[in-house]
Amino acid sequence: MLGVLKPIIEFIAEIGRIILFLLTALRQVFTRRPVYEETLRQTWFVGVETMPMVIVIATFIGTNLALQGYHAFAQISGQSLVGIFVALAGFREMAPIVAGICLATKVGASIASEIAVMRIKEQIDAMEVMAVNPYWFIIAPRFLAIIFCAPLMIIFANFFCMLSGYVVAVYQLGIDPTSYLTTVTTHLEVLDIGYSIIKGCVFGLVICLLSCYYGFNASMGAEGVGAASNRAIVTSCLTCFVANVYMTQVMYG
Amino acid sequence: MSENFLFRSLVQPLINMVVVIGQMGFFFLKFLHSLIGLPYVFEELILHTYRICFRCLLPVLGVVTPMGMIISMQGLAILSIFSAQPLLSSLLVISMLRELTPAMTAIMIAAQAGSSIAAELGAMRNREEIDAQEVMSVNPIQFLVVPRLLAVIIAAPVLTAIANFFGIAGGWVIGVPIKGINHGVFMANLLDFVNIEDIFSGILKATIFGAIIGVVSCFRGYYARGGAAGVGRAANKAVVESIIALFVVNYFLSSAIYSVTEKIN
Numbered sequence: 001m002l003g004v005l006k007p008i009i010e011f012i013a014e015i016g017r018i019i020l021f022l023l024t025a026l027r028q029v030f031t032r033r034p035v036y037e038e039t040l041r042q043t044w045f046v047g048v049e050t051m052p053m054v055i056v057i058a059t060f061i062g063t064n065l066a067l068q069g070y071h072a073f074a075q076i077s078g079q080s081l082v083g084i085f086v087a088l089a090g091f092r093e094m095a096p097i098v099a100g101i102c103l104a105t106k107v108g109a110s111i112a113s114e115i116a117v118m119r120i121k122e123q124i125d126a127m128e129v130m131a132v133n134p135y136w137f138i139i140a141p142r143f144l145a146i147i148f149c150a151p152l153m154i155i156f157a158n159f160f161c162m163l164s165g166y167v168v169a170v171y172q173l174g175i176d177p178t179s180y181l182t183t184v185t186t187h188l189e190v191l192d193i194g195y196s197i198i199k200g201c202v203f204g205l206v207i208c209l210l211s212c213y214y215g216f217n218a219s220m221g222a223e224g225v226g227a228a229s230n231r232a233i234v235t236s237c238l239t240c241f242v243a244n245v246y247m248t249q250v251m252y253g
Numbered sequence: 001m002s003e004n005f006l007f008r009s010l011v012q013p014l015i016n017m018v019v020v021i022g023q024m025g026f027f028f029l030k031f032l033h034s035l036i037g038l039p040y041v042f043e044e045l046i047l048h049t050y051r052i053c054f055r056c057l058l059p060v061l062g063v064v065t066p067m068g069m070i071i072s073m074q075g076l077a078i079l080s081i082f083s084a085q086p087l088l089s090s091l092l093v094i095s096m097l098r099e100l101t102p103a104m105t106a107i108m109i110a111a112q113a114g115s116s117i118a119a120e121l122g123a124m125r126n127r128e129e130i131d132a133q134e135v136m137s138v139n140p141i142q143f144l145v146v147p148r149l150l151a152v153i154i155a156a157p158v159l160t161a162i163a164n165f166f167g168i169a170g171g172w173v174i175g176v177p178i179k180g181i182n183h184g185v186f187m188a189n190l191l192d193f194v195n196i197e198d199i200f201s202g203i204l205k206a207t208i209f210g211a212i213i214g215v216v217s218c219f220r221g222y223y224a225r226g227g228a229a230g231v232g233r234a235a236n237k238a239v240v241e242s243i244i245a246l247f248v249v250n251y252f253l254s255s256a257i258y259s260v261t262e263k264i265n
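Chains S and P are the protein sequences, given in the same order.
Mapping to the working numbering: the first sequence position 217 is 217, numbers consecutive.
Mapping to the working numbering: the second sequence position 122 is 122, numbers consecutive.
Since the hints were derived computationally from the structure, they do not count as laboratory data.
For glycine and all other residues, C-beta sits at the position ideal for the given N, C-alpha and C.
Possibly wrong hints are sitting among the right ones.
Quick list of in silico lysine to aspartate or glutamate cross-link-like pairs, DMTMM-like style, CA-CA up to 25 Å [said to hold, decoys possible]:
no. : chain 1 : residue 1 : chain 2 : residue 2
1   : S       : K121      : P       : E120
2   : S       : K121      : S       : E37
3   : S       : K121      : S       : E223
4   : P       : K263      : S       : D192
5   : P       : K263      : P       : D192
6   : P       : K30       : P       : E44
7   : P       : K30       : P       : E120
8   : P       : K179      : S       : E189
9   : P       : K179      : P       : D192
10  : P       : K30       : P       : E134
11  : P       : K179      : S       : D192
12  : P       : K30       : P       : E128
13  : P       : K263      : P       : D198
14  : P       : K30       : P       : D131
15  : S       : K121      : P       : E134
Residues of chain P clear of chain S, computed beta-carbon distances all greater than 10 Å [stated by the list, open to error]:
no. : residue
16  : V19
17  : L29
18  : M73
19  : A110
20  : E134
21  : P140
22  : M187
23  : V260
Some residues of chain P that are not near chain S, with every Cβ distance over 12 Å (derived) [said to hold, decoys possible]:
no. : residue
24  : V11
25  : P13
26  : V20
27  : F26
28  : Q133
29  : D192
30  : F193
Sequences and hints are given; from them, build the entire structure.
Written out as structure tokens, the structure reads:
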């Protein structure tokens with residue numbers, strides 16, 4: 001009996017540890033002056049170096065939405081609905097997911113492996129010995145960078161998704177541009193854009209939290225670094241997708 | 001010219017990208033060349049296929065099932081504008097089979113298996129095991145790369161097929177018990193618009209995605225440099241580059257598949 005319960009208890013204990021970690025980190029984020037240089041460096045990394053990936057993936061998501069929407073609606077001869085499909089699917093689901101995937105695979109993995117390398121080189125212990133709070137010095141700048149960059153990322157993803165959807169629909173599939181734009185503007189609401197940004201921010205926070213946690217608690221050795229970044233990517237993708245279901249239910253249910 | 005800021009920030013990355021793509025193509029040719037030669041290492045191949053399928057199954061299902069749920073929710077929201085709720089299951093099945101399941105499965109395979117392949121090969125390169133094999137005139141591509149790359153190519157369609165089922169089941173869970181669509185209507189419309197091409201195009205896509213993930217992550221791991229940090233960088237690059245590559249290839253594949261199926265019909 002205890003053998004069956006043990007993984008469940010371990011899972012709940014892990015969630016508790018992650019929440020404690022989050023509270024400790026948020027305390028440092030909100031109550032102390034941030035480390036400006038480190039925050040700027042992280043913002044550069046998250047905002048500028050990850051942006052090409054977001055742009056490329058969002059562009060190709062938009063093209064595929066237009067292509068699939070066109071062929072799906074062609075069976076019920078509703079080709080003019082492609083605009084609605086691209087706009088709603090892009091803004092509501094795909095753009096936040098794209099930004100989440102980019103954040104998890106590029107930013108999350110590198111945060112986890114960076115912090116794990118600090119842990120195995122005992123730099124974190126050294127900081128604690130010198131009375132520098134590692135949560136303040138390492139974790140808080142990354143949180144701030146992601147809070148600042150996630151909305152911008154979502155806006156870029158939305159823009160490029162719509163742009164490439166328009167290009168494919170008009171130039172490859174031969175849909176009338178005016179009717180395309182009219183259907184988009186009549187069915188897309190401002191609230192959709194707001195919800196999309198909120199979703200992206202939640203994904204950013206979840207990814208930052210999980211990758212900092214797994215990096216911070218990495219086990220020793222070179223394998224520990226690889227395991228930490230792997231676990232960070234997989235867990236944050238899973239958590240984002242599950243959180244997405246709940247957010248969709250609350251926002252549009 | 002090379003001191004120019006514009007050149008360094010815009011042109012140089014493009015040149016580097018073309019060079020890396022060429023190197024990957026060359027690596028793939030090497031792989032094909034060793035594929036012809038004997039001996040085959042069947043135990044390794046079976047072991048790696050088993051490991052990849054086993055380790056990726058839970059993450060893949062954990063991503064694809066919520067995806068089906070979301071398609072169901074959003075599809076109902078859009079379809080209720082035209083009061084066409086019974087068409088939900090057709091929409092769900094086509095979007096899962098053709099597009100979403102192969103892409104999402106490939107993302108999770110890249111995240112889970114791709115990074116671990118790159119880390120494994122990178123650690124071997126780092127400990128000079130690969131050089132030792134070359135010295136002993138054992139072809140390291142034959143013994144290390146071929147089993148892993150073939151394993152990813154085999155595992156991707158299998159996982160996609162399993163994930164298709166779970167994605168549609170996730171859509172059913174939202175559609176029928178929660179949103180109250182009739183079970184009979186859901187099942188009746190389920191296979192109405194589905195052709196055999198839809199299923200095969202998804203599987204074909206998954207196979208090609210598997211090949212992309214395998215080539216990129218084996219390449220990054222095989223040529224990893226620079227100690228433990230280099231191994232971490234290789235694993236990270238493997239994931240990022242394979243995800244970008246598979247999204248880019250996805251668009252051209254979809255276009256090609258559509259034009260081919262239209263010619264056939």
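A110 of chain P non-interfacial with respect to chain S [C-beta, more than 10 Å]: Answer for A110 of chain P: violated, closest chain S Cβ roughly 8 Å.
Below or equal to 25 Å on CA atoms is what counts here, so check K121 of chain S against E37 of chain S. holds, 22 Å
Minimum C-beta separation from M187 of chain P to chain S exceeding 10 Å: can you confirm that? holds, 19 Å
Are the Cα positions of K121 of chain S and E223 of chain S separated by 25 Å at most? At roughly 13 Å apart (the allowed maximum being 25 Å), E223 of chain S and K121 of chain S satisfy the hint.
Would you assess whether P13 of chain P, listed as outside the interface, keeps its beta-carbon beyond 12 Å of every beta-carbon in chain S? violated, 8 Å
Looking at Q133 of chain P again, its CB stays over 12 Å from all of chain S? holds, 20 Å
Distal placement of M73 of chain P relative to chain S, Cβ over 10 Å: The claim is violated: M73 of chain P sits with its nearest Cβ about 5 Å from chain S, within 10 Å.
12 Å Cβ clearance of V11 of chain P from chain S: Fine: 14 Å to the nearest Cβ keeps V11 of chain P off the interface.
Between K121 of chain S and E120 of chain P, is the straight-line Cα distance small enough, at 25 Å or below? Judged against 25 Å, a Cα distance of about 21 Å means the pair holds.
Quick one, are K30 of chain P and D131 of chain P close enough, alpha carbons at most 25 Å? Status holds; Cα separation ~17 Å.
Is the Cβ of V20 of chain P more than 12 Å away from each Cβ in chain S? holds, 14 Å
Determine whether the non-interface label on D192 of chain P survives the test: each CB of chain S must be over 12 Å from its CB. violated, 9 Å
Hint compliance for this structure: hints 4, 15, 18, 19, 25, 29, 30 are broken, all remaining hints hold.
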